[in-house]
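Q: Residues per chain, in single letters:
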Amino acid sequence: MTPNSEVNIKSTLSYSYMQVTSEDKLVYLLVDILPVAQASLGHVPLNLSLVLDKSGSMYAQEKLEYVKKAVIYVIDQLRSDDLSSIIAFADRARVVVPSQQIFDKGGVKNTVQRIDNVSVGGGTHMFKGITAACDEVMKNYSNSRKNHVILLSDGLTVAESKCLKKCKEESAKGISFSTLGVGNDFNQKLMMDIADTTGGKSYYIDVPSDIPNIFAQELKGVQSVIIQNPTLNLKLSKNIQVKRAYKVKPLISDLGSPQVFNQTYSVKLSDLQKDEPQSVLYELILPSRQPGSYRIAQVNLEYDVPMKSERGKQTSQDVIIVYTSDYNLTGMVDTYVMNLVDLVSVFRQQTRALELAQIGEHAKATQLLKTAATTLLDRGQSDLATTFLEEAKNIEQGINTSIAGTKKLEYGTRKLTQMLDDSFLPPI
Amino acid sequence: MKCPVCGVDNLEGSAYCDDCGSKLPTAGVAPIAAPPVAPPPVAITPTPSPVPAAPPMGGKITCPACSYENPAEESFCSDCGASLTAPSQPSPVIPSPVPSVDSPPITPSGRPVAKLIEKKTQREFPLTADVMIAGRQSPADNIFPDLDLTEVDTDSYISRRHLQIIRQGEQYLVEDLGSSNGTFLNEGPRLNPGIQQPLNNGDRIQLGQTEFVFLIS
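If you read the sequences in order, they're chains A and B. Residue 1 is where the first sequence starts when you use our numbering, and the numbers rise one by one after that. Residue 1 is where the second sequence starts when you use our numbering, and the numbers rise one by one after that.
It should be emphasised that the hints constitute simulated quantities derived from the structure, not laboratory data. There's no promise every hint is true.
Said to hold, decoys possible - With a Cα cut of at most 35 Å, we get these calculated DSBU-like pairs of lysine-lysine:
hint, chain 1, residue 1, chain 2, residue 2
1, A, Lys243, B, Lys119
2, A, Lys393, A, Lys173
3, B, Lys119, A, Lys10
4, A, Lys364, B, Lys23
5, B, Lys115, A, Lys235
6, A, Lys166, A, Lys105
7, B, Lys2, A, Lys10
8, B, Lys23, A, Lys189
9, B, Lys2, A, Lys189
10, B, Lys60, A, Lys393
11, A, Lys238, A, Lys162
12, A, Lys238, B, Lys23
13, B, Lys23, A, Lys415
14, A, Lys238, B, Lys120
15, A, Lys243, B, Lys23
16, A, Lys370, B, Lys60
17, A, Lys10, B, Lys60
18, A, Lys243, B, Lys2
19, A, Lys249, B, Lys115
20, A, Lys173, A, Lys68
21, A, Lys313, A, Lys364
22, A, Lys249, B, Lys2
23, A, Lys235, B, Lys119
24, B, Lys60, A, Lys238
25, A, Lys235, B, Lys120
26, B, Lys115, A, Lys313
27, A, Lys68, A, Lys370
28, A, Lys10, A, Lys68
29, A, Lys393, B, Lys115
30, B, Lys119, A, Lys268
31, A, Lys166, A, Lys243
32, A, Lys364, A, Lys243
33, B, Lys115, A, Lys370
34, A, Lys10, A, Lys162
35, A, Lys415, B, Lys60
36, B, Lys60, A, Lys364
Bear in mind the structure is a predicted one, so any value in this text is a computation, not a measurement.
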């Protein structure tokens, strides 16, 4: 623990005592990144763009009406030093409100009310919307702002891979993207990938009347960013490997196959919001060693504090394990870490099950979902468990997984770690 | 660690089977009669380091484990991670088995004969020497234990060098040799490897999933 900074890191092993055996062993390492709220710090002004789907389907179920309500709320909540722009897209993209500090909130709200009159066609060409938004953000780009795009869509776009590629490129320049998928027809994989790879969040909105709430939640988050460009480096001691790694908080996502350079595995995190810890769970493979204590890794966080104009700050911590033959010690397991391991296993089984179902491995997909459902039931997550079992049944009967079902499944699973209530929160 | 559901081999310590997703017997904990699972007192336990012998100013400190040269102020080796402050802890355990090869064979007259009896098959394993290692045979590794339990352990829960039974005068002692699945005495907690426990007539000894009775006749 490094006190007196804007952020603390805390590393916890699934067990701190390791049985001396002749075999390699797996240990789980949880790293919590805990931002420290400092009232005196002020806030990071936004450079925001809202990208709104205005395709034909948005007129169904009053979706567009709820979007207007949401955008008007956002305008009301913007601070005087925030910059924002609004883009509407369908077949084409139009800049409805160019990037600016909004002084005449009433005037801009009127413009939003009349967004129906903006003529952009009826299809879904998200790439054009993304491009227009990035152009607006780049006009006023500054590394002392939170440069961010909120992207809302209810449908399948053309040129999906171009969308993802564009967002990744813009992310390298310092723009993050949050994605809001409405209803059952959007591609959740694309929306999640955009958010996961650019440091944003992905939301599933199944009922249009929730649109304003989700916008409010997202805005509150980006307005409370206090630390930018955090990179978590895990410097491994010799002969220690990372098998897999997952982001576990605030949402679960797979960090992909770990790339280790110079004994260091680096993970880019999302900008840190006040009151929102981020956590990464690593699976480490440890070699057999003589009894004694060993540093298996050093955890290091690099980050910027835009409000203090401080860049490249660092904080580090050693991860130490004790090899011993005493079963009384090696039997001790950290229950908090193991709770997260359980939830990540549900996530992993769900992800694999849907992949297997895609390639026709129905029996195995079904079995994985059922196993995961058991874990969920043990955790009191009976709603999500039911969704798992329904999907398992669909797959078993050869019915294609239901579109709504998989969205509930995937978004629900990613949020699982949020249900670990306060009593499970690691002590700070 | 073999998955009990699908049989796939998983890395020791894994909580879930990589393949079928089943929960594996608790990682790192004895499968039976484990001590109550509690979080360790502190998440990270640095060795209470005795004050290091003051290294020469600005000098180097050589890692006892890998011989890497570290700056004197380091407390762990930058290369292999071994502790530089504590003298590498003396291994608390596993004394090499006392001379077993040439120990006098079998029972001279009048000495009581002790034996292990496997419960299910009632097979008897007489303890004919002062130190006897029990385990599973592995010709490939040239391991032929004194008490060859291969035939009473069809599922291979017994390690190749699982435990040894030592005779000291009239007293018999059992010592786990760091087996994978543990040794349990009279359904008590898993024995710590390297620690000798006295055996009494009628004691039940469990190796992995196989149970034996210790008898002195």
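Q: Hints first: check each against the structure and report whether it holds.
A: Consistency of the hints with the structure:
Of the supplied pair hints, the one linking Lys243 of chain A and Lys119 of chain B is violated, its CA atoms being roughly 42 Å apart against a limit of 35 Å. Pair hint Lys393 of chain A plus Lys173 of chain A does not hold up; C-alpha atoms about 45 Å apart against a cutoff of 35 Å. With a C-alpha separation of about 50 Å, the suggested pairing of Lys119 of chain B with Lys10 of chain A is violated against the 35 Å cut-off. The suggested pairing of Lys364 of chain A with Lys23 of chain B holds, with an alpha-carbon distance near 16 Å, which does not exceed 35 Å.
Using a Cα cut-off of 35 Å, the hinted pair Lys115 of chain B and Lys235 of chain A is violated, with the two alpha carbons roughly 53 Å apart. For a cut-off of 35 Å, the pair hint linking Lys166 of chain A to Lys105 of chain A stands: about 31 Å separates their Cα positions. Between Lys2 of chain B and Lys10 of chain A, the direct Cα distance comes to roughly 32 Å. Compliance with the 35 Å bound is thereby established for this hinted pair. At roughly 28 Å between alpha-carbon atoms, Lys23 of chain B and Lys189 of chain A fall within 35 Å of each other, so this suggested pair holds.
Between Lys2 of chain B and Lys189 of chain A, the direct Cα distance comes to roughly 34 Å. Compliance with the 35 Å bound is thereby established for this hinted pair. Under the criterion of a C-alpha separation no larger than 35 Å, the hint pairing Lys60 of chain B with Lys393 of chain A is inconsistent with the structure, at around 65 Å. Restraint check for Lys238 of chain A and Lys162 of chain A: not satisfied, since their Cα atoms lie roughly 40 Å apart, outside the 35 Å limit. For the suggested pair Lys238 of chain A and Lys23 of chain B, the alpha carbons sit about 30 Å apart, so the restraint of at most 35 Å is met.
Distance check on the hinted pair: Lys23 of chain B and Lys415 of chain A sit about 21 Å apart at the alpha-carbon level, within 35 Å; holds. Between the alpha carbons of Lys238 of chain A and Lys120 of chain B the distance comes to roughly 47 Å, so the proposed pair goes past 35 Å and is violated. The hinted pair formed by Lys243 of chain A and Lys23 of chain B meets the criterion: a straight-line CA distance of about 18 Å does not exceed 35 Å. A hinted pair counts as satisfied when its Cα atoms are at most 35 Å apart, and Lys370 of chain A with Lys60 of chain B does not qualify at roughly 57 Å.
Using a Cα cut-off of 35 Å, the hinted pair Lys10 of chain A and Lys60 of chain B holds, with the two alpha carbons roughly 30 Å apart. The hinted pair formed by Lys243 of chain A and Lys2 of chain B meets the criterion: a straight-line CA distance of about 18 Å does not exceed 35 Å. Taking the CA atoms of Lys249 of chain A and Lys115 of chain B, the gap is near 57 Å; set against the 35 Å cutoff, the hint is violated. For the hint linking Lys173 of chain A to Lys68 of chain A, the alpha-carbon distance of about 30 Å falls within 35 Å, and the restraint holds.
Taking the CA atoms of Lys313 of chain A and Lys364 of chain A, the gap is near 47 Å; set against the 35 Å cutoff, the hint is violated. Of the pairs offered as hints, the one joining Lys249 of chain A and Lys2 of chain B holds, with about 31 Å between alpha carbons and a cut-off of 35 Å not exceeded. Of the supplied pair hints, the one linking Lys235 of chain A and Lys119 of chain B is violated, its CA atoms being roughly 51 Å apart against a limit of 35 Å. For the hint linking Lys60 of chain B to Lys238 of chain A, the alpha-carbon distance of about 19 Å falls within 35 Å, and the restraint holds.
A hinted pair counts as satisfied when its Cα atoms are at most 35 Å apart, and Lys235 of chain A with Lys120 of chain B does not qualify at roughly 51 Å. Using a Cα cut-off of 35 Å, the hinted pair Lys115 of chain B and Lys313 of chain A is violated, with the two alpha carbons roughly 67 Å apart. A distance of roughly 41 Å separates the Cα atoms of Lys68 of chain A and Lys370 of chain A; the hinted pair therefore is violated under the 35 Å criterion. A C-alpha spacing of about 42 Å is found between Lys10 of chain A and Lys68 of chain A, which places the hinted pair above 35 Å, so the restraint is violated.
Taken as a hint, the Lys393 of chain A and Lys115 of chain B pair is broken in the structure, with Cα atoms around 55 Å apart against an allowance of 35 Å. For the given pair, Lys119 of chain B sits about 58 Å from Lys268 of chain A by alpha-carbon distance, which is inconsistent with the 35 Å threshold. Restraint check: the Cα-Cα separation between Lys166 of chain A and Lys243 of chain A comes to about 30 Å, which is no more than 35 Å; the hinted pair holds. Taken as a hint, the Lys364 of chain A and Lys243 of chain A pair is honoured in the structure, with Cα atoms around 23 Å apart against an allowance of 35 Å.
The straight-line distance between the Cα atoms of Lys115 of chain B and Lys370 of chain A is roughly 47 Å, outside the 35 Å bound, and the hint therefore fails. Between the alpha carbons of Lys10 of chain A and Lys162 of chain A the distance comes to roughly 38 Å, so the proposed pair goes past 35 Å and is violated. Taking the CA atoms of Lys415 of chain A and Lys60 of chain B, the gap is near 49 Å; set against the 35 Å cutoff, the hint is violated. Only pairs whose Cα atoms come within 35 Å are accepted, and Lys60 of chain B paired with Lys364 of chain A is rejected, the gap being roughly 56 Å.
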